[in-house]
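Construct the entire structure; sequences and hints are all you get.
Each chain is listed here by its residues.
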Amino acid sequence: MGVVKLELQGISKAFGSFYANQDIDLVVESGQIHCLLGENGAGKSTLMNVLYGLYEPTAGRILVDGKPVTFRGPGDAMAAGIGMVHQHFMLVPVFTVAENVALGAEPTGPGGLLSLDTTRRKIREISDRYGFDVDPDALVEDLPVGVQQRVEIIKALVRNAKVLILDEPTAVLTPQETDELLDIMRQLKASGTSIVFISHKLREVKAVSDVITVIRRGKVVGDAPPTASPTELASMMVGRPVSLSLDKAEAQPGDRTFVVKDLTVRAANGTNVVDGISFDIAQGEILAVAGVQGNGQTELTEAILGVQDHVSGSVTLDGKELLGLPVKDVLRSGVGFVPEDRTHDGLVGPFSVAENLVLDLYDRAPFAKGVGMNPAKVAENAAAKIKEFDIRTPSAGSAAGTLSGGNQQKVVMARELSRPLRLFIASQPTRGVDVGSIEFLHRRIVAERDAGTPVMIVSTELDEVVELADRIAVLYKGKLVGIVPAGTPRDTLGLMMAGVGPEGGSDDN
Amino acid sequence: MTTATASKPGAAGPTTAARPSLKVPVSLGVLSLVALVFFGFFGPSKTAEMKVSEQGDAIVLPALLIPGQAGGIVLAVLLLAMAAYSIYLWTKGERSPKWLPIVFAVVFVFALLVWIVAGAREPSISLAGLIAGSVTLAVPLVFGSLSGVLCERVGVVNIAIEGQLLGGAFTAALVATVTHNAYIGLLAAAAAGALVSMVLAVFSIKYLVNQIIVGVVLNVLVSGVTGFLFGTVMAPDKELFNTPPRLDILPIPVLSDIPLIGPILFEQSVAGYLMYVAVAVVWVGLFKTRWGLRVRAVGEHPQAADTLGINVNATRFWNVTLGGAIAGIGGAIFTLVTIDSFTKEISGGRGFIALAALIFGRWNPIGAFLASLLFGFAYNLQSILGIIGTPVPSQFMAMLPYLVTIFAVAGLVGKSRPPAASGIPYVKG
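Chains A and B supply the protein sequences, listed in that same order. Going by this note's numbering, the final residue of the first sequence carries number 509, and the count climbs one at a time with no gaps. Going by this note's numbering, the final residue of the second sequence carries number 1429, and the count climbs one at a time with no gaps.
No lab work stands behind these hints, which were simulated from the structure alone. You may find that some hints are simply not true.
Pairs of lysine-lysine residues, derived as DSS-like cross-links and limited to a Cα-Cα distance of at most 27 Å, are as follows [what the hints assert, rightly or not]:
id: 1; chain 1: A; residue 1: Lys-261; chain 2: A; residue 2: Lys-477
id: 2; chain 1: A; residue 1: Lys-201; chain 2: A; residue 2: Lys-369
id: 3; chain 1: A; residue 1: Lys-369; chain 2: A; residue 2: Lys-387
id: 4; chain 1: B; residue 1: Lys-1288; chain 2: A; residue 2: Lys-122
id: 5; chain 1: A; residue 1: Lys-219; chain 2: A; residue 2: Lys-5
id: 6; chain 1: A; residue 1: Lys-219; chain 2: B; residue 2: Lys-1428
Laid out in structure tokens, this is it:
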């Protein structure tokens, strides 16, 4: 099979009465990198799952080289030359690279016994051609995320994919790995593979795409050339003009009231997931903690809050030791905490918005009345917060779990900011949040800083770190690589995220 | 216990490379001291006789004669040496080799045996009989645990092994009696086991009912149904419905005369030989074939399998069904080999022991086989020691298999990892 032209005509996909995709037309020319740009929840992944045969479209048809096709499953899509790298890798962790690549199309020898030699050879071939450096006999669970992603790409290429769908491929990568991936994409394109690149990161999209199709709320908004400005693209994504840059005044750091010294968190396997970290944050300052996911950020914030075991070192706020205190006392000391996984740790999904807004204060006046609650006060509080934070909810009584990601995050943020704070910690404050809400949440965080609170932001999105930080701390494998001032070049930050210390010893650690 | 110091919370000192756990050296040390004190110093004065071959065997070997106390001391010293080696390795920051606890366990059990036998009224035991009997008792366990392996490897927890064994036992007895053919009974048992499994498969895979609950309910259901049919059909007319012909023992000439090994490997019924074949086939199948790769992928990461065009739920369904058929054959052993008729609850909880064996065997057919042998040994030891008259009360002896199970699963399995998707139903999207 040669190059493939792919057409989607009028694709709709409904889940119940909700349309994730509505009447979508898309043409992917052969040998192009076609970007699908849209916010989280815009329907990009659904569309690609339809194209890959995982979902059956409610309406519309798919044409490969002008001929209509029906995909009953991924097998059919693969046979038509379509390969997909999912956002969450579809690799069996306890299998070797070769076993993962072979799975589903295993070469067998006499008696139906597996013979993976041809698979190994093919993996080495592809690995050499694109400089992947993948060992066919390595166990997948031992490989770094970036390499796992290459295994996914190899999986598609071994199956002769002519169209490669990459679903949010850069979400899990360091900036350097992202650059490498973009290079790989260009190489693949040069060798005739078309790529559908799904992303919501404007910088990458502009760097690599030939055509950009913007999707909003399940519909195609329109196409844009890669030369379009980030502001134009963002406005297309959101559906209204947005300002991408945050206007914030110069920080006015005051006393260094929050001090962390030699904080160490030991994991069950005996390794230190947070390893001797020391830093401090001044009043009226935002310290952003950058790093690739899984380098100790979660444990660091949880240790401060007091929900981690096996913690040593010291964490003081206003001169008072927080380590060893029950979580409730930590919160009562004036710590506001936005956890990274809001649906899991930040909200009680089936509870109403109003109830979620008082989860931390339900047992005190004015929300408590004797052993009962004071529903009037709870409702009053909810009405005020919904207005103040522009929470889009059918009513204060709606279950929090039914709101969109951005609005759920506003509920969490509203609750945590409703107490007088001495320290504000927000983990991944805008993960999975629409661009419009990001703007709002960022402004609230800066407002909290300007009110004189020490603020700690943990984010894996470099854009967000650069946007908000007054100082940037970079974590790598549980260790603090360094603390650098805002305005440090992205390249330097990227290297730090891969464990390389800042040159010139500029860290004030 | 000093083992706890290795993982004491809060003591986050300086970063050191993870030291191997103290669990193995310490438990070996404690056990060998126990052996020295009880088997050695307080060892019985009589001499234990261990017969290796039976009278009338083609090759008759002399019996092992081991003086109780001296033997106990020698064995205990051997154990102490192994424990010391393990501790020495630990001080050097190395892990004990895998064979060490196994060899230790074998020697310890032997010392225990010497101690018990030498202390008995008639200090004589047939080692060959003990081992051969262990294998016989282990056969249903092996089939049961293989069934569990097949199901769990594909992502379905099979608590219903007990029900499958019982269903197989009942059906085998009934069909073999009616057809006057044990082999047809064996086939019918497989079908019955498969049928029980299909119910498990349909409810847990198609209707997403909690697998543990379906399994437990099936056990109760099969127990009730077979109990009812036994009472209303079999018991009133035993001649017609509950006198199954036995599966013939088919000794392989010459080979079956080898002392110790002969009766174990080469003097079995069809079902016994089938057990060895099944273990080998399941192992090769799971780890060396296309089918096995897919099965394991479905049990570890069903979504990944789905995106590669593998039908997850069909794979699960047929594997669970196959597992049931294998357990059904295991059930037939009760009525066609060990005992010659069906009685209520004839499987007597062996299905749960099989479940333990598969976990102890780390979801590996060979591991499950060896674990089943251990449990079979415990069952057999219990009855043989009862016969030779040990001073240990029989109630305690009856606890032996279950004690072994608890210690094996809790203590020795350590950190084993079940298939990642085991017990989790797969829903697309």
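Going through the hints against the structure:
A hinted pair counts as satisfied when its Cα atoms are at most 27 Å apart, and A:Lys-261 with A:Lys-477 qualifies at roughly 18 Å. Note on A:Lys-201 and A:Lys-369: the hinted pairing is violated, with a Cα-Cα distance of about 48 Å set against a maximum of 27 Å. Among the hinted pairs, A:Lys-369 with A:Lys-387 is consistent with the structure: their alpha-carbon atoms are about 25 Å apart, no more than 27 Å. In summary, the hint linking B:Lys-1288 to A:Lys-122 is supported, as the alpha carbons are separated by about 20 Å, within the 27 Å threshold.
For the proposed pair A:Lys-219 and A:Lys-5, the alpha carbon gap of about 22 Å is at most 27 Å, so the pair holds. Restraint check for A:Lys-219 and B:Lys-1428: satisfied, since their Cα atoms lie roughly 24 Å apart, inside the 27 Å limit.
The earlier numbered hint that this structure contradicts is number 2, and it is the only one.
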